[in-house]
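Asks: Per my numbering: the sequence shown = residues 189 to 686.
Zero decoy hints are in this set.
Straight-line alpha carbon distances no greater than 20 Å define the calculated EDC-like cross-link-like pairs of lysine to aspartate or glutamate that follow:
1) Lys426 <-> Glu365
2) Lys624 <-> Glu668
3) Lys480 <-> Glu493
4) Lys446 <-> Asp521
5) Lys685 <-> Asp603
6) Lys609 <-> Asp593
7) Lys642 <-> Glu596
8) Lys674 <-> Glu622
9) Lys443 <-> Asp408
10) Lys368 <-> Asp408
11) Lys276 <-> Asp397
12) Lys294 <-> Glu331
13) Lys523 <-> Asp440
14) Lys613 <-> Asp629
15) Lys276 <-> Glu262
16) Lys613 <-> Asp603
17) Lys510 <-> Asp460
18) Lys658 <-> Asp603
19) Lys286 <-> Asp248
20) Lys658 <-> Glu569
21) Lys286 <-> Glu421
22) Lys523 <-> Glu484
23) Lys624 <-> Glu665
24) Lys286 <-> Asp382
25) Lys446 <-> Glu511
26) Lys613 <-> Glu638
27) Lys443 <-> Asp521
28) Lys276 <-> Glu254
Label pairs and their calculated CB-CB ranges:
29) Gly383 <-> Arg251: 14 to 22 Å
30) Asp460 <-> Pro322: 51 to 59 Å
31) Glu279 <-> Trp526: 42 to 50 Å
32) Thr253 <-> Ala369: 36 to 44 Å
33) Asp382 <-> Arg325: 16 to 24 Å
34) Thr215 <-> Pro439: 19 to 27 Å
Everything labelled a hint here was simulated from the structure, so no lab data went into it. For each residue, glycine too, the CB sits at the ideal point set by N, CA and C.
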Amino acid sequence: MPDSSTPIKKDNLSASGPRVRFAPSPTGFLHVGSARTFIFNWLYARRNGGTMVLRLDDTDVERNTEASVNSIFEGLTWLNLGWDEEYKQSERLALHQKTAWSIFEKGLAYRDFTPAHTGDAEKSGAQGTWLFNPGMRELSPEESDRRAAAGEPFALRFRVPRGIGEQVHFHDAVYGEQVKAADDIEDFALLRSDGMPTYHLASCADDADLRITHIIRGQDHLTNTFKHVLIFEAAGAKPPQFAHLPLLVAPDGTKLSKRRHGPVVSVTTYRDAGFLPEAFINFLCLLGWSPKNDREMLSLGDLQELFTLEGINRANAVVNFKEPAATPEETFDPKAVWLNAEHIRGLAIEDLSARLLPIVREAGYNVDAAQVLRVTPLIRERIKLLRDVLTTADFFFVDQLPPYDPAELIPQKGDAAMAKKVLEKAQAVLGGVEFKHDPLDQALRAAAQELAIKAGQMFQPIRVAVCGRKNAPPLFETLEVLGREKTLARIGEAITKL
189 MPDSSTPIKK DNLSASGPRV RFAPSPTGFL HVGSARTFIF NWLYARRNGG TMVLRLDDTD
249 VERNTEASVN SIFEGLTWLN LGWDEEYKQS ERLALHQKTA WSIFEKGLAY RDFTPAHTGD
309 AEKSGAQGTW LFNPGMRELS PEESDRRAAA GEPFALRFRV PRGIGEQVHF HDAVYGEQVK
369 AADDIEDFAL LRSDGMPTYH LASCADDADL RITHIIRGQD HLTNTFKHVL IFEAAGAKPP
429 QFAHLPLLVA PDGTKLSKRR HGPVVSVTTY RDAGFLPEAF INFLCLLGWS PKNDREMLSL
489 GDLQELFTLE GINRANAVVN FKEPAATPEE TFDPKAVWLN AEHIRGLAIE DLSARLLPIV
549 REAGYNVDAA QVLRVTPLIR ERIKLLRDVL TTADFFFVDQ LPPYDPAELI PQKGDAAMAK
609 KVLEKAQAVL GGVEFKHDPL DQALRAAAQE LAIKAGQMFQ PIRVAVCGRK NAPPLFETLE
669 VLGREKTLAR IGEAITKL
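Could you put the whole structure together from the sequences, leaning on the hints where they help?
Replies: As C-alpha coordinates, this is what we get:
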(Lines of atoms letter the chains of each structure in order from A and count residues from 1; the text may use other names and numbers.)
(Lines give C-alpha, C1' and ligand atoms only; values in the text may rest on other atoms or scores of the structure.)
Protein backbone atom coordinates (compact mmCIF):
# COMPACT_ATOMS: atom_id res chain seq x y z
CA MET A 1 0.00 0.00 0.00
CA PRO A 2 1.44 3.42 -0.89
CA ASP A 3 2.43 5.41 2.16
CA SER A 4 -0.22 8.12 1.73
CA SER A 5 -0.59 8.69 5.44
CA THR A 6 0.66 7.11 8.63
CA PRO A 7 -1.92 4.90 10.36
CA ILE A 8 -2.79 6.29 13.77
CA LYS A 9 -2.91 3.93 16.75
CA LYS A 10 -6.30 3.39 18.30
CA ASP A 11 -5.47 5.12 21.59
CA ASN A 12 -4.76 8.31 19.61
CA LEU A 13 -8.02 8.25 17.65
CA SER A 14 -9.77 11.57 17.28
CA ALA A 15 -12.70 11.79 19.68
CA SER A 16 -14.23 15.01 18.35
CA GLY A 17 -16.62 15.10 15.42
CA PRO A 18 -17.93 12.22 13.31
CA ARG A 19 -15.62 9.40 12.22
CA VAL A 20 -16.41 8.02 8.75
CA ARG A 21 -14.66 5.42 6.66
CA PHE A 22 -14.18 4.38 3.03
CA ALA A 23 -13.48 0.64 2.91
CA PRO A 24 -12.83 -0.61 -0.65
CA SER A 25 -12.04 -4.24 -1.45
CA PRO A 26 -9.04 -4.53 -3.81
CA THR A 27 -10.74 -6.91 -6.24
CA GLY A 28 -10.85 -4.51 -9.24
CA PHE A 29 -10.29 -0.93 -10.36
CA LEU A 30 -11.73 2.07 -8.46
CA HIS A 31 -15.39 2.14 -9.62
CA VAL A 32 -17.13 5.51 -10.11
CA GLY A 33 -19.72 4.43 -7.53
CA SER A 34 -16.95 3.73 -5.01
CA ALA A 35 -15.39 7.11 -5.79
CA ARG A 36 -18.74 8.80 -5.07
CA THR A 37 -18.96 6.91 -1.74
CA PHE A 38 -15.46 8.14 -0.85
CA ILE A 39 -16.36 11.73 -1.80
CA PHE A 40 -19.62 11.74 0.21
CA ASN A 41 -17.79 10.38 3.27
CA TRP A 42 -15.04 12.98 2.82
CA LEU A 43 -17.52 15.85 2.46
CA TYR A 44 -19.45 14.72 5.54
CA ALA A 45 -16.26 14.53 7.60
CA ARG A 46 -14.92 17.87 6.41
CA ARG A 47 -18.22 19.75 6.79
CA ASN A 48 -18.69 18.44 10.34
CA GLY A 49 -15.11 18.71 11.61
CA GLY A 50 -14.71 14.92 11.59
CA THR A 51 -12.14 12.28 10.61
CA MET A 52 -11.84 10.47 7.26
CA VAL A 53 -10.58 6.89 7.60
CA LEU A 54 -9.35 4.85 4.64
CA ARG A 55 -9.46 1.12 5.32
CA LEU A 56 -8.48 -1.44 2.71
CA ASP A 57 -10.82 -4.42 3.20
CA ASP A 58 -8.32 -6.93 1.83
CA THR A 59 -9.20 -10.15 3.67
CA ASP A 60 -10.50 -11.89 0.50
CA VAL A 61 -7.04 -13.24 -0.36
CA GLU A 62 -8.25 -15.26 -3.36
CA ARG A 63 -9.61 -12.21 -5.20
CA ASN A 64 -7.31 -9.41 -4.00
CA THR A 65 -4.67 -8.24 -6.47
CA GLU A 66 -1.81 -5.77 -6.26
CA ALA A 67 -3.06 -4.20 -9.51
CA SER A 68 -6.41 -3.49 -7.83
CA VAL A 69 -4.70 -1.91 -4.81
CA ASN A 70 -2.70 0.31 -7.18
CA SER A 71 -5.82 1.24 -9.17
CA ILE A 72 -7.67 2.27 -6.01
CA PHE A 73 -4.81 4.48 -4.85
CA GLU A 74 -4.28 5.90 -8.36
CA GLY A 75 -7.91 6.98 -8.48
CA LEU A 76 -7.96 8.39 -4.94
CA THR A 77 -4.66 10.23 -5.51
CA TRP A 78 -6.10 11.84 -8.65
CA LEU A 79 -9.19 13.02 -6.73
CA ASN A 80 -6.68 14.78 -4.44
CA LEU A 81 -8.91 14.87 -1.36
CA GLY A 82 -6.76 12.93 1.09
CA TRP A 83 -7.65 11.13 4.32
CA ASP A 84 -6.64 11.26 7.98
CA GLU A 85 -6.03 7.63 8.98
CA GLU A 86 -5.21 4.53 6.97
CA TYR A 87 -5.55 0.82 7.81
CA LYS A 88 -5.24 -2.58 6.17
CA GLN A 89 -7.85 -5.07 7.28
CA SER A 90 -5.47 -8.00 6.69
CA GLU A 91 -3.23 -6.64 9.46
CA ARG A 92 -6.11 -6.76 11.96
CA LEU A 93 -7.00 -10.49 11.89
CA ALA A 94 -6.27 -10.97 15.61
CA LEU A 95 -8.92 -8.33 16.42
CA HIS A 96 -11.48 -10.01 14.13
CA GLN A 97 -10.94 -13.44 15.69
CA LYS A 98 -11.01 -12.03 19.21
CA THR A 99 -14.34 -10.32 18.43
CA ALA A 100 -15.82 -13.52 16.98
CA TRP A 101 -14.79 -15.64 19.98
CA SER A 102 -16.07 -13.04 22.44
CA ILE A 103 -19.48 -13.37 20.76
CA PHE A 104 -19.16 -17.19 20.99
CA GLU A 105 -18.33 -17.01 24.70
CA LYS A 106 -21.55 -15.06 25.31
CA GLY A 107 -23.50 -17.96 23.78
CA LEU A 108 -24.41 -15.83 20.75
CA ALA A 109 -22.50 -17.96 18.24
CA TYR A 110 -21.92 -21.70 17.71
CA ARG A 111 -19.65 -24.04 15.80
CA ASP A 112 -21.08 -25.53 12.61
CA PHE A 113 -19.28 -28.72 11.60
CA THR A 114 -21.48 -29.32 8.52
CA PRO A 115 -19.20 -29.51 5.44
CA ALA A 116 -21.84 -27.89 3.21
CA HIS A 117 -21.95 -24.83 5.47
CA THR A 118 -18.34 -24.22 6.36
CA GLY A 119 -18.37 -21.04 4.30
CA ASP A 120 -20.71 -18.08 4.44
CA ALA A 121 -22.70 -18.87 1.28
CA GLU A 122 -26.47 -18.96 1.56
CA LYS A 123 -28.02 -22.16 0.21
CA SER A 124 -31.34 -21.84 -1.59
CA GLY A 125 -33.53 -24.76 -2.49
CA ALA A 126 -37.12 -25.61 -3.33
CA GLN A 127 -38.10 -24.88 0.26
CA GLY A 128 -36.52 -21.41 0.14
CA THR A 129 -33.34 -19.90 1.52
CA TRP A 130 -31.26 -21.94 3.97
CA LEU A 131 -31.50 -20.40 7.44
CA PHE A 132 -29.72 -22.75 9.84
CA ASN A 133 -28.84 -26.36 10.58
CA PRO A 134 -30.84 -27.39 13.69
CA GLY A 135 -28.43 -30.22 14.50
CA MET A 136 -25.48 -27.84 14.70
CA ARG A 137 -27.33 -24.98 16.38
CA GLU A 138 -28.55 -27.28 19.17
CA LEU A 139 -25.27 -29.17 19.65
CA SER A 140 -24.29 -29.26 23.32
CA PRO A 141 -21.26 -27.17 24.36
CA GLU A 142 -19.48 -30.34 25.47
CA GLU A 143 -20.00 -32.11 22.12
CA SER A 144 -18.98 -28.95 20.25
CA ASP A 145 -15.78 -28.63 22.29
CA ARG A 146 -14.99 -32.35 21.86
CA ARG A 147 -15.31 -32.27 18.07
CA ALA A 148 -13.29 -29.04 17.84
CA ALA A 149 -10.54 -30.53 20.04
CA ALA A 150 -10.46 -33.57 17.73
CA GLY A 151 -9.52 -31.25 14.87
CA GLU A 152 -12.83 -31.38 13.01
CA PRO A 153 -13.18 -28.26 10.80
CA PHE A 154 -16.04 -25.87 11.55
CA ALA A 155 -17.41 -22.45 10.71
CA LEU A 156 -18.40 -20.14 13.55
CA ARG A 157 -22.00 -19.01 13.05
CA PHE A 158 -24.04 -16.26 14.65
CA ARG A 159 -26.95 -17.58 16.71
CA VAL A 160 -29.74 -15.37 15.30
CA PRO A 161 -32.65 -15.14 17.81
CA ARG A 162 -35.46 -17.43 16.59
CA GLY A 163 -39.04 -18.25 17.48
CA ILE A 164 -39.52 -15.32 19.85
CA GLY A 165 -40.79 -12.75 17.34
CA GLU A 166 -37.72 -10.56 17.67
CA GLN A 167 -37.22 -7.80 15.07
CA VAL A 168 -33.98 -6.19 13.97
CA HIS A 169 -34.32 -2.51 13.13
CA PHE A 170 -32.21 0.54 12.41
CA HIS A 171 -32.78 4.04 11.10
CA ASP A 172 -31.21 4.91 7.76
CA ALA A 173 -30.52 8.60 7.07
CA VAL A 174 -31.64 8.14 3.45
CA TYR A 175 -34.19 5.29 3.43
CA GLY A 176 -35.75 5.84 6.86
CA GLU A 177 -36.79 3.18 9.37
CA GLN A 178 -35.74 -0.38 8.39
CA VAL A 179 -37.20 -3.47 10.07
CA LYS A 180 -36.71 -7.21 9.48
CA ALA A 181 -37.91 -10.23 11.43
CA ALA A 182 -34.97 -12.07 12.98
CA ASP A 183 -36.64 -15.33 11.91
CA ASP A 184 -35.93 -14.34 8.28
CA ILE A 185 -32.16 -13.88 8.80
CA GLU A 186 -29.94 -16.94 8.35
CA ASP A 187 -27.35 -17.94 10.92
CA PHE A 188 -24.55 -16.23 9.03
CA ALA A 189 -20.90 -17.16 9.43
CA LEU A 190 -18.50 -15.06 11.48
CA LEU A 191 -15.41 -17.21 10.85
CA ARG A 192 -14.87 -19.61 7.96
CA SER A 193 -13.57 -23.12 8.47
CA ASP A 194 -10.01 -21.87 7.86
CA GLY A 195 -10.38 -19.39 10.72
CA MET A 196 -10.57 -16.38 8.39
CA PRO A 197 -13.24 -13.77 9.20
CA THR A 198 -16.16 -13.19 6.88
CA TYR A 199 -16.81 -9.74 5.42
CA HIS A 200 -19.61 -9.12 7.92
CA LEU A 201 -17.51 -9.90 10.99
CA ALA A 202 -14.31 -8.15 9.89
CA SER A 203 -16.13 -5.01 8.79
CA CYS A 204 -18.09 -4.66 12.04
CA ALA A 205 -15.12 -5.51 14.27
CA ASP A 206 -13.04 -2.83 12.56
CA ASP A 207 -15.84 -0.25 12.59
CA ALA A 208 -16.32 -0.78 16.34
CA ASP A 209 -12.58 -0.75 17.09
CA LEU A 210 -11.96 2.39 14.99
CA ARG A 211 -14.96 4.08 16.62
CA ILE A 212 -16.70 4.76 13.31
CA THR A 213 -19.77 6.90 14.05
CA HIS A 214 -21.37 7.06 10.58
CA ILE A 215 -21.35 4.39 7.85
CA ILE A 216 -22.09 5.98 4.47
CA ARG A 217 -22.07 3.33 1.74
CA GLY A 218 -23.94 1.99 -1.30
CA GLN A 219 -27.58 0.94 -1.15
CA ASP A 220 -26.55 -2.62 -2.12
CA HIS A 221 -25.34 -2.99 1.50
CA LEU A 222 -28.73 -2.08 2.99
CA THR A 223 -29.82 -5.72 3.49
CA ASN A 224 -26.45 -6.60 5.10
CA THR A 225 -27.05 -3.99 7.77
CA PHE A 226 -29.50 -6.17 9.73
CA LYS A 227 -26.69 -8.69 10.28
CA HIS A 228 -24.28 -5.90 11.13
CA VAL A 229 -26.61 -4.49 13.80
CA LEU A 230 -26.72 -7.96 15.40
CA ILE A 231 -22.90 -8.18 15.36
CA PHE A 232 -22.42 -4.69 16.87
CA GLU A 233 -24.88 -5.42 19.68
CA ALA A 234 -23.39 -8.88 20.36
CA ALA A 235 -19.91 -7.36 20.53
CA GLY A 236 -21.12 -4.76 23.03
CA ALA A 237 -20.74 -1.85 20.62
CA LYS A 238 -23.30 0.81 19.76
CA PRO A 239 -24.17 0.52 16.05
CA PRO A 240 -23.06 3.56 13.98
CA GLN A 241 -25.57 5.75 12.18
CA PHE A 242 -26.21 4.41 8.67
CA ALA A 243 -26.75 6.24 5.38
CA HIS A 244 -27.10 4.18 2.22
CA LEU A 245 -26.53 5.82 -1.14
CA PRO A 246 -28.67 5.20 -4.25
CA LEU A 247 -26.99 3.05 -6.89
CA LEU A 248 -25.47 4.37 -10.11
CA VAL A 249 -27.15 2.81 -13.14
CA ALA A 250 -26.67 2.83 -16.91
CA PRO A 251 -29.25 4.44 -19.25
CA ASP A 252 -31.01 1.04 -19.55
CA GLY A 253 -31.42 0.87 -15.77
CA THR A 254 -28.84 -1.87 -15.15
CA LYS A 255 -26.25 -1.44 -12.40
CA LEU A 256 -22.99 -0.01 -13.72
CA SER A 257 -20.42 -2.79 -14.13
CA LYS A 258 -17.12 -3.13 -15.99
CA ARG A 259 -18.16 -6.46 -17.47
CA ARG A 260 -21.22 -4.93 -19.08
CA HIS A 261 -20.34 -1.26 -19.57
CA GLY A 262 -16.57 -1.25 -20.01
CA PRO A 263 -14.01 1.31 -18.88
CA VAL A 264 -16.58 4.14 -18.46
CA VAL A 265 -17.16 2.86 -14.91
CA SER A 266 -13.49 3.24 -13.93
CA VAL A 267 -12.25 6.48 -12.35
CA THR A 268 -8.93 6.38 -14.21
CA THR A 269 -10.81 6.41 -17.55
CA TYR A 270 -12.04 9.92 -16.70
CA ARG A 271 -8.57 10.99 -15.62
CA ASP A 272 -7.00 9.69 -18.84
CA ALA A 273 -9.70 11.31 -21.01
CA GLY A 274 -8.82 14.74 -19.64
CA PHE A 275 -11.34 15.43 -16.89
CA LEU A 276 -10.35 17.78 -14.10
CA PRO A 277 -10.67 16.03 -10.72
CA GLU A 278 -12.70 18.94 -9.34
CA ALA A 279 -15.15 18.70 -12.27
CA PHE A 280 -15.41 14.91 -11.87
CA ILE A 281 -16.12 15.35 -8.14
CA ASN A 282 -18.76 17.97 -8.98
CA PHE A 283 -20.41 15.56 -11.47
CA LEU A 284 -20.40 12.56 -9.11
CA CYS A 285 -21.93 14.61 -6.30
CA LEU A 286 -24.92 15.47 -8.52
CA LEU A 287 -25.59 11.74 -9.02
CA GLY A 288 -27.95 11.01 -6.15
CA TRP A 289 -27.54 14.27 -4.22
CA SER A 290 -28.63 17.82 -4.86
CA PRO A 291 -28.13 21.10 -3.00
CA LYS A 292 -31.24 22.95 -1.89
CA ASN A 293 -30.64 25.74 -4.41
CA ASP A 294 -30.41 23.32 -7.40
CA ARG A 295 -27.06 24.74 -8.52
CA GLU A 296 -25.00 22.45 -10.75
CA MET A 297 -21.62 24.16 -11.18
CA LEU A 298 -20.07 23.73 -7.73
CA SER A 299 -16.52 24.16 -6.46
CA LEU A 300 -15.08 21.87 -3.79
CA GLY A 301 -15.63 24.68 -1.28
CA ASP A 302 -19.29 24.94 -2.34
CA LEU A 303 -19.75 21.18 -1.95
CA GLN A 304 -18.19 21.20 1.50
CA GLU A 305 -20.49 24.00 2.58
CA LEU A 306 -23.69 22.54 1.10
CA PHE A 307 -23.39 18.77 1.54
CA THR A 308 -25.84 17.08 3.92
CA LEU A 309 -27.16 13.53 4.20
CA GLU A 310 -30.68 15.00 3.96
CA GLY A 311 -29.89 16.08 0.39
CA ILE A 312 -29.31 12.48 -0.77
CA ASN A 313 -32.09 11.07 -2.98
CA ARG A 314 -33.56 7.59 -2.71
CA ALA A 315 -33.93 6.97 -6.45
CA ASN A 316 -31.06 5.37 -8.35
CA ALA A 317 -28.97 7.86 -10.34
CA VAL A 318 -28.55 7.41 -14.10
CA VAL A 319 -25.18 7.97 -15.77
CA ASN A 320 -26.13 8.96 -19.32
CA PHE A 321 -23.65 7.69 -21.88
CA LYS A 322 -24.21 6.26 -25.36
CA GLU A 323 -23.77 2.58 -26.14
CA PRO A 324 -22.00 2.20 -28.47
CA ALA A 325 -20.33 5.64 -28.47
CA ALA A 326 -19.69 7.13 -31.92
CA THR A 327 -17.09 9.57 -30.57
CA PRO A 328 -14.83 9.52 -27.47
CA GLU A 329 -16.95 12.32 -25.99
CA GLU A 330 -20.14 10.20 -26.21
CA THR A 331 -18.48 7.68 -23.87
CA PHE A 332 -19.31 10.08 -21.04
CA ASP A 333 -22.43 11.68 -19.61
CA PRO A 334 -22.99 15.03 -21.43
CA LYS A 335 -23.39 16.75 -18.05
CA ALA A 336 -19.94 15.49 -17.00
CA VAL A 337 -18.41 16.93 -20.19
CA TRP A 338 -20.31 20.24 -19.80
CA LEU A 339 -19.22 20.60 -16.17
CA ASN A 340 -15.64 19.86 -17.15
CA ALA A 341 -15.71 22.60 -19.80
CA GLU A 342 -17.16 25.04 -17.24
CA HIS A 343 -14.45 24.17 -14.70
CA ILE A 344 -11.76 24.54 -17.39
CA ARG A 345 -13.05 28.05 -18.18
CA GLY A 346 -12.91 28.86 -14.48
CA LEU A 347 -9.21 27.98 -14.15
CA ALA A 348 -6.49 30.61 -14.16
CA ILE A 349 -4.46 30.49 -17.41
CA GLU A 350 -1.31 29.48 -15.50
CA ASP A 351 -3.12 26.62 -13.74
CA LEU A 352 -4.73 25.32 -16.94
CA SER A 353 -1.43 25.59 -18.82
CA ALA A 354 0.34 23.54 -16.15
CA ARG A 355 -2.28 20.80 -16.54
CA LEU A 356 -2.05 20.81 -20.35
CA LEU A 357 1.76 20.67 -20.51
CA PRO A 358 2.21 16.98 -19.48
CA ILE A 359 -0.54 15.90 -21.93
CA VAL A 360 1.17 17.68 -24.81
CA ARG A 361 4.56 16.26 -23.89
CA GLU A 362 3.23 12.72 -23.45
CA ALA A 363 1.81 12.97 -26.98
CA GLY A 364 5.38 13.37 -28.25
CA TYR A 365 5.53 17.11 -28.82
CA ASN A 366 8.80 18.72 -27.79
CA VAL A 367 7.42 21.89 -26.18
CA ASP A 368 8.36 24.01 -23.22
CA ALA A 369 6.11 25.48 -20.53
CA ALA A 370 6.34 29.01 -21.96
CA GLN A 371 5.04 27.85 -25.35
CA VAL A 372 2.02 26.07 -23.85
CA LEU A 373 1.34 29.10 -21.63
CA ARG A 374 1.10 31.31 -24.74
CA VAL A 375 -1.28 28.89 -26.47
CA THR A 376 -3.56 28.28 -23.46
CA PRO A 377 -5.59 31.55 -23.59
CA LEU A 378 -6.41 30.86 -27.26
CA ILE A 379 -7.98 27.45 -26.58
CA ARG A 380 -9.46 27.73 -23.08
CA GLU A 381 -12.94 28.48 -24.46
CA ARG A 382 -12.61 25.83 -27.17
CA ILE A 383 -11.82 22.68 -25.18
CA LYS A 384 -14.15 20.52 -23.10
CA LEU A 385 -11.61 17.91 -21.98
CA LEU A 386 -7.91 18.51 -21.31
CA ARG A 387 -6.94 16.07 -24.06
CA ASP A 388 -8.77 18.28 -26.58
CA VAL A 389 -5.55 20.33 -26.61
CA LEU A 390 -4.11 17.65 -28.92
CA THR A 391 -6.76 18.26 -31.58
CA THR A 392 -7.38 21.98 -30.99
CA ALA A 393 -3.80 23.24 -30.70
CA ASP A 394 -1.63 20.57 -32.34
CA PHE A 395 -0.60 22.91 -35.18
CA PHE A 396 1.15 25.17 -32.66
CA PHE A 397 3.49 22.36 -31.62
CA VAL A 398 4.67 20.97 -34.98
CA ASP A 399 7.23 22.31 -37.43
CA GLN A 400 5.49 20.77 -40.44
CA LEU A 401 1.69 20.73 -40.80
CA PRO A 402 0.12 17.37 -41.69
CA PRO A 403 -1.38 17.18 -45.21
CA TYR A 404 -4.65 19.07 -45.75
CA ASP A 405 -6.97 19.59 -48.72
CA PRO A 406 -5.77 22.63 -50.79
CA ALA A 407 -9.45 23.34 -51.60
CA GLU A 408 -9.79 24.49 -47.96
CA LEU A 409 -7.60 27.49 -48.89
CA ILE A 410 -10.21 28.85 -51.30
CA PRO A 411 -12.32 31.56 -49.61
CA GLN A 412 -16.10 31.76 -49.75
CA LYS A 413 -17.34 33.04 -53.14
CA GLY A 414 -13.75 32.93 -54.36
CA ASP A 415 -11.49 30.68 -56.41
CA ALA A 416 -7.94 29.33 -56.39
CA ALA A 417 -6.65 32.48 -58.09
CA MET A 418 -8.13 34.63 -55.31
CA ALA A 419 -6.62 32.37 -52.65
CA LYS A 420 -3.19 32.59 -54.27
CA LYS A 421 -3.43 36.38 -54.58
CA VAL A 422 -4.43 36.64 -50.88
CA LEU A 423 -1.54 34.48 -49.71
CA GLU A 424 1.03 36.32 -51.84
CA LYS A 425 -0.27 39.64 -50.51
CA ALA A 426 -0.14 38.29 -46.94
CA GLN A 427 3.43 37.11 -47.49
CA ALA A 428 4.46 40.59 -48.57
CA VAL A 429 2.58 42.39 -45.78
CA LEU A 430 3.55 40.08 -42.93
CA GLY A 431 7.23 40.31 -43.77
CA GLY A 432 7.39 43.84 -42.41
CA VAL A 433 4.64 44.17 -39.79
CA GLU A 434 5.06 43.86 -36.02
CA PHE A 435 3.71 40.46 -34.90
CA LYS A 436 1.25 41.81 -32.34
CA HIS A 437 -2.55 41.60 -32.44
CA ASP A 438 -3.39 45.20 -33.40
CA PRO A 439 -0.70 45.76 -36.07
CA LEU A 440 -1.56 42.38 -37.65
CA ASP A 441 -5.28 43.23 -37.63
CA GLN A 442 -4.73 46.64 -39.22
CA ALA A 443 -2.26 45.39 -41.84
CA LEU A 444 -4.38 42.47 -43.05
CA ARG A 445 -7.62 44.48 -43.14
CA ALA A 446 -5.83 47.15 -45.16
CA ALA A 447 -4.52 44.44 -47.52
CA ALA A 448 -8.09 43.15 -48.03
CA GLN A 449 -9.18 46.65 -49.01
CA GLU A 450 -6.31 46.93 -51.47
CA LEU A 451 -7.36 43.61 -53.06
CA ALA A 452 -11.01 44.80 -53.05
CA ILE A 453 -12.20 41.70 -51.18
CA LYS A 454 -14.01 41.15 -47.90
CA ALA A 455 -12.00 40.71 -44.70
CA GLY A 456 -13.32 37.13 -44.31
CA GLN A 457 -12.05 36.25 -47.79
CA MET A 458 -8.64 37.58 -46.77
CA PHE A 459 -8.50 35.77 -43.47
CA GLN A 460 -9.66 32.24 -44.44
CA PRO A 461 -6.78 31.31 -46.77
CA ILE A 462 -4.28 32.61 -44.18
CA ARG A 463 -5.96 30.68 -41.36
CA VAL A 464 -5.94 27.41 -43.32
CA ALA A 465 -2.37 28.01 -44.47
CA VAL A 466 -1.02 28.45 -40.93
CA CYS A 467 -3.35 26.04 -39.05
CA GLY A 468 -4.14 23.40 -41.67
CA ARG A 469 -7.90 23.82 -41.04
CA LYS A 470 -10.74 26.36 -41.10
CA ASN A 471 -11.82 25.81 -37.52
CA ALA A 472 -9.07 27.34 -35.39
CA PRO A 473 -8.53 29.93 -32.64
CA PRO A 474 -8.73 33.69 -33.46
CA LEU A 475 -6.39 34.51 -36.34
CA PHE A 476 -4.34 37.46 -35.06
CA GLU A 477 -3.64 35.86 -31.66
CA THR A 478 -2.69 32.65 -33.51
CA LEU A 479 -0.24 34.48 -35.79
CA GLU A 480 1.26 36.28 -32.80
CA VAL A 481 1.95 32.97 -31.02
CA LEU A 482 3.22 31.18 -34.14
CA GLY A 483 5.61 34.03 -34.94
CA ARG A 484 6.80 35.52 -38.22
CA GLU A 485 9.16 32.75 -39.34
CA LYS A 486 6.73 29.85 -38.98
CA THR A 487 3.81 31.89 -40.37
CA LEU A 488 5.68 32.91 -43.54
CA ALA A 489 7.01 29.38 -44.08
CA ARG A 490 3.50 27.91 -43.91
CA ILE A 491 2.05 30.56 -46.21
CA GLY A 492 4.84 29.78 -48.68
CA GLU A 493 3.96 26.06 -48.57
CA ALA A 494 0.27 26.86 -49.11
CA ILE A 495 1.09 28.91 -52.22
CA THR A 496 2.91 25.92 -53.73
CA LYS A 497 -0.19 23.74 -53.00
CA LEU A 498 -2.27 26.10 -55.15
